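Asker: Dock chain to chain to rebuild the complex, using the hints, since each chain is given by itself in its own frame.
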Amino acid sequence: MAQQLRPSKPADKQPKIDWSRRQEAENFAETVKLFRQGKIDHDSFRRYRLQHGAYGTRMTDDYAMVRIKVPAGQIYPPQLEKIAQLSEMYSIGSAHFSTRENIQLHWVILEDVSEIMQSLADVGMTSREACGNTVRNVMCSPLSGVCKDEIFDATPYALAIARFMLRNPICQGLPRKFKFNFTCCEKHGMIRIVDVGLLPQIQEIDGEKRKGFKIFLGGGLGNRSFVGHQLEDFTPVEDLLYTSMAVIRIFDRMGDRKNLSRNRMRYLVNEMGWEKFQNLVLKERAIVKATQSVIVKLNIDDAINEIQRPISVTDESTSIPDGYARWQKTNVEKQSQSGFNSVFIGLEAGDITANQLRSVAEIIRDYSAEGFARNGFSQNIVIRYVHDDDLVSLYSKLLETGLAKSGSLTMASAVGCSGTTSCNLALTNSHRLAKEVQRKFLELNFDEDDDLKDSTIKISGCPNSCGQHQIATIGFYGGGGRHEANMFPNYTMSLGGKFDEDAMLGHHTARVPVKRIIPVILKIIELFKENKQPDDTLAKWIDRVVKGNESSKITGVEDIKKEIAPLIAPPKIEDEPDFYMDYGSDTNYHTVTGKGECAA
Amino acid sequence: MIDSDIPVINSKILREKIQENSIRIVDVRRDQEYQQGHITNAVNLPLAKLLADDSPESIQKIAQDLGISDDTPAVIYDDTFGALSSRVVWALQYIGHKDVKLLDVTFSQWKELGYEISTEVPEIETATHSVKINSEIMATAEYLEKVKENKNVVIIDNRERLNYLEQHIPGAINIPYRTLSTDGKILRTKEGMKNLLKNRGISEDAEIITYCGSVGTLSGLAYYALKSIGVPNVKLYVHSFKEWKSLEKPIDKQENANYWDLSAE
Ligand code: HEM
Ligand code: SF4
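Going down the list, the protein sequences come from chains A and B. In the numbering used here, each residue's number is its place in the first sequence (first place is 1) plus 7. In the numbering used here, each residue's number is its place in the second sequence (first place is 1) plus 400.
The hints are simulated quantities; they were obtained by calculation from the structure and are not laboratory data. Please read these numbers as outputs of a predicted model, since none were measured by experiment. Glycine included, each C-beta is placed from N, C-alpha and C at the ideal position. Not one of these hints is a red herring.
To be clear about the criterion: a stretch of chain A counts as covered by chain B if any three or more of its residues have a C-beta under 8 angstroms from a C-beta of chain B, and this derived list gives those stretches: (1) 88-100; (2) 420-427; (3) 436-448.
Partner residues aside, some chain A positions facing chain B, computed with beta carbon under 7 angstroms: (4) Ala-36; (5) Arg-65; (6) Met-66; (7) His-113; (8) Trp-114; (9) Glu-118; (10) Asp-358; (11) Ile-359; (12) Thr-360; (13) Gly-591; (14) Val-599.
Bound-form chain B, shown alone (with noise of 0.2 angstroms):
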């Protein structure tokens, strides 16, 4: 449908085909939001509905309801800064899926554009879809493990700073997830985040694995933030800390200094 390869769509471009119809939109807000209004033409998924089961077969099952067959061009969109949506581009690629996109902005920013809204929902003719496990994007808890100390790797934490400072992933270096986002967008521009890299010292050559808190969505986000400037290697620890907390690996902190109480939460 587009001809780079990078998984962003940009709003205004996605606008011109909504009419064209040949395009599955997918609404990935819960259904009460949906049915109160969204992008004309888009279908819903909750996004709790994919994170109750997602082994592949479960995703498989889901595109196919949704009428997302191996060809069909899909854009997903949310209104939680993109962290959502990131999480269900990211499950579908994982299950092979070739054409599927992350809207540019939110769900509240494309109404602030002006854009078209519908409460209409659109029928839907069940696909056939397969899976062909893409399992290049995917980081495991012993994968991780195995890796972490090459020289090459580098593991992005995308909570927040105090989460960090408190347990992290050892060696994991922390950008918060709000960092990857501009005024409007749910990215930053690429010569943003190209800049963020370069400052930090990460070479757009490395591996890069993002994580988070529990299920992959902050660091999913992260994920097409670093996709977006095309760098090559990057993998979603999906299952992120929780899991790694989980299965007792080991933890680094911050030490000797009391920065919560620094926090006006």
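One chain only, chain A, in its complex shape (with noise of 0.2 angstroms):
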């Protein structure tokens, strides 16, 4: 009784939300031809493009990086064919899933960026906003609305945030980017590393619940971090607006314009003190409401999405392929709606070919009963609403296209920036390295173990933050070192960061040469199995030795240092000769970078 027939696919669930503005294209295509005809200035060129989600590329004044916004991660199946079009079509076959959910295509020929604009138009999609100094994509957990923790879902109002800021003439030239996170829950958002950040929360007052939010401001990775501070105890929704408000409209008035390496919201909330900038949002809010001569007020849309089972053909007589079980431990979580599952697809490093973009359009259309996907921020995409008899099938089809990896839930799972594949900032390979490192942990069966599960490897190519490896269990970023006359890539490594609820920057701990940092993971796991207590996680076990409040033979970071102290020794060239080469490159490492546009 192979072939069950339900009824036929629904039609496409079209993107609630368009963000596109079709005119920009023409006009970045016209200022483009300004710029080569020597009629704009580089300077003057460069914010326009960044403003319209175009960054430079490693090198090279002819190639751009278009980062396509998808606000608060919704996604939907012929915007994910369109994407797969454009990267066959401009960029190099494949995009990429970044870490603050947006897609980007790299190694864009400049000229051709208009073109991508007017097609990201007919699928309701856009770039505007997405570098720059501006509100950058607002992010929302994958999981709001599914998640067994949540108070309420926060996608409406990330959604209402997005559509407020974009365009808005308050948020063009800002002294810096600026960002917003909404979350579920506090395990499954990142709200404490951004200006702004959002926790759903309800509270009685006067009798009557009342939604709101818990609200973090002032925090950030970059070369200096910092952990946000919570504004008040409770803020309501109808308050959200005029927060968000008075935070830009401070940072606005009191950013500091000069210095650009300083003058993300968190220097001045640091320079300022925590209990001075408090007063004074709370006192900008206050003012922002009592002179408001028409009332302004966000658009949120909460209908209810249609929930629909979608299969239109299952086999029951499917057997269960090899590898279900790990994929399912490793890569599904249970919703609170009762028989419905998400499923997190896992890229490596956030890559993903056009012809897998185009399967998992086809799966969102068979699979989920909600007809969307969701972008993950450890460089993923969800798939919700898949049902319990369901996720073998889906499995299967995930095994022809490739996309089956285990691990995506897992330490396994490592995020890697950009860095010399495209990043003109970049002094390492980390886009490369977070790959070995996934495809070794893989190889171990290491994302079966549920003592790695709670924890994360994060990796940058330069100090500047964008893997995000400050918040990692294990994180890296990369620089250069030298043995006698010979450089080397040499990563600095950090133990135990944390984004959840006591959100901690990770420990610098030591230098480590590129080709050994698998090695010295493999011995930090190692020392941790010898060492931990019965029901430790290598999170756990690693946040006591970084406190120093462990007590076995591992008392701190320095016995660490000192048992991976002989793997780090660099060889001499004539033993080791890889060692002195990055990953991808055949050839003796050198640091080469061009000019920096994270500020711009």
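Answerer: Spelled out as structure tokens, the structure:
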């Protein structure tokens, strides 16, 4: 009784919000022309380009990286198909899922960017204000709406804020970039490492249950990182917009516009002191409220999404493919809606081919009862509302397209920024390193080890933290080392970073040559296994170690340093030439960087 | 057969003409695929056969065996986004055939349109065909090297972006072959194609030379994409980058970046 017919596929779910503005594509094409003719100077052009979501590319003026915004991470099948096509036409045949729910196309010829913008408009997407000194993509936890620990679904609020800020005149010339993150619960969002982080809350006021948020301000990662502060006990949803406007206005007025490396809002908070800043925000909010001549309101669309299980054909006799149990354990999260699951699709450092994108679009249509997907924030994709009975079949589909990697929800899915594959500031190939670490972890079946499950590995190619290394259990950022006359890629390792309710930045522990990173990670895991308590996880153990609270043979970071010292000593170049080469390169390492654009 | 000089034919028009049986339709897929079904009245020329020997004499013989005389209108199609058929159209034009056109859809797209297919193999009467080499449309390595610095010459590399970044003919610009098609057709709309050139600052009056990896298929498609909007002076560097490398001619690359590691392949 192989085939059982169900009602045929429903029509594609259409995106609720059109973020595009077609005119911007033509303007962009015109502006590129003027720039090439020398009629617009370099700096003005760069500002304009970044405002429209196009970054520069490593060592060249001819190419751009286009960052496509996906507000709240909500992405629809026709959008994925369009991006697949664009990646083949104008990029490298692969697209990249970032850590902030954006999708990026690399090595795009600057003159082609406008064509991409045109096509994005066909599917309601934009790259506007994805880079530059703007409100960047508004993030929302990929599990918002389905998380077992959430109080209410923040998605409509995230979308409303994104809508309010996009192209809003007050966001066009901020001192620096500005980030909002919404979450479902403490565990699944990164609310303490952004300018504004929001956690849903419900409070009873005068016997009435009121929706609102805990708001965290002034966090952020970078060359210097800070953890955000909670503004007040409870901010009702009616005050969400006023509070956001107040914070942006203060930042706009008082933020440092001169000192490029210290102009994120977190520096302002740090210099002024939290209490003063907090008072300022509360006062400003009162003014914003009082001086409104017209009531400005967020456009909240909290119509319930239609949930309809779409499978048209399911093969009930399918035998369970090899690897299913492992995949299911490490990639699937049960939802608060009984019978439904959220499936995490792991990508190597966020990369996905055009054909795989097309398969994902098909899989969403066939398996997701909500008809769209969410970008995650570990360079992954989450397909939600998959029925229990459809998991095996979905897994088989993923196997066919090479997307069935296990370990998405575990330490095995290492994050890596773009590094020397495209970034102008990169010192090392952090992107490839993340792939190497992931492959090793999967080879060793580490994804199945419950002791490692709640730990993370994140890698940046320079101190700028795009790979979010400071919030990783084991984090790395790239640099150069020298032994005798020769240079080699040398990463700084930090331990014990966390982004949950006791968010903490990792401790710089040692400098580790690139070709020793895997051995060093394995050594740390070995030390943990030897010294752990019965119910320990690696993350808990490392937390005690970095705080000096561990009472085994390893009492602190110094002991870890001692243990790994023999591994990290540089060999002679004649004995091990490979040590002096970065991953993905067959020549001796040297650092080359171009002009950075993070501040522009 | 068609009034314009543009060597591309609309599928709807071909469909109307099939029954007249005055056009030689050539399917350039493999024999086996052809046998399973082809456009009604089409004959088969597996591309490999042409590539095995693409001397003018060999092309002449192929044309004659397919019943194509100097005056026989011919239409070529494939199922490989038009790249293989382009190469065959170009070969026939190269030996001086005047009335040969590229079908604007692939076999799959033809089927999706619901147009007629058949498994019947038409009888072929051999014909005679002359050879009048049309050297205007061909670029050799020597020629390319000679003119590549000229201001009015544009060299277009039609391989995928990563291959181009890794190595290309100095001065060439990259338009990956995927850029040339639209949904449901092997070529962009005229407006889309003109816009692409305009954005890239390529003048339609330039002398444009296209090349790709090895045998001039992807660049053949680019050749006809340019012809489809009436660009007058286009040449195909038919032996492409493979020959260029084997002749040890100069090569450029994008330095200091590990772009391959961004690919999910
Ligand atoms: C001094 C310069 C820069 C700083 C301080 C910086 C900082 C950051 C930080 C902290 C993140 C983490 C995002 C988060 O979770 O909040 C990030 C993300 C990212 N950055 Fe940078 N960045 C800089 C320059 C660049 C450059 C030049 C590139 C390459 C063109 C780049 C590419 C990325 C990418 C791909 C992400 C992933 C997340 C996203 O979609 O926004 N960054 N950056
Ligand atoms: S961390 Fe450094 S190398 Fe990585 S993307 Fe950011 S600026 Fe580039």
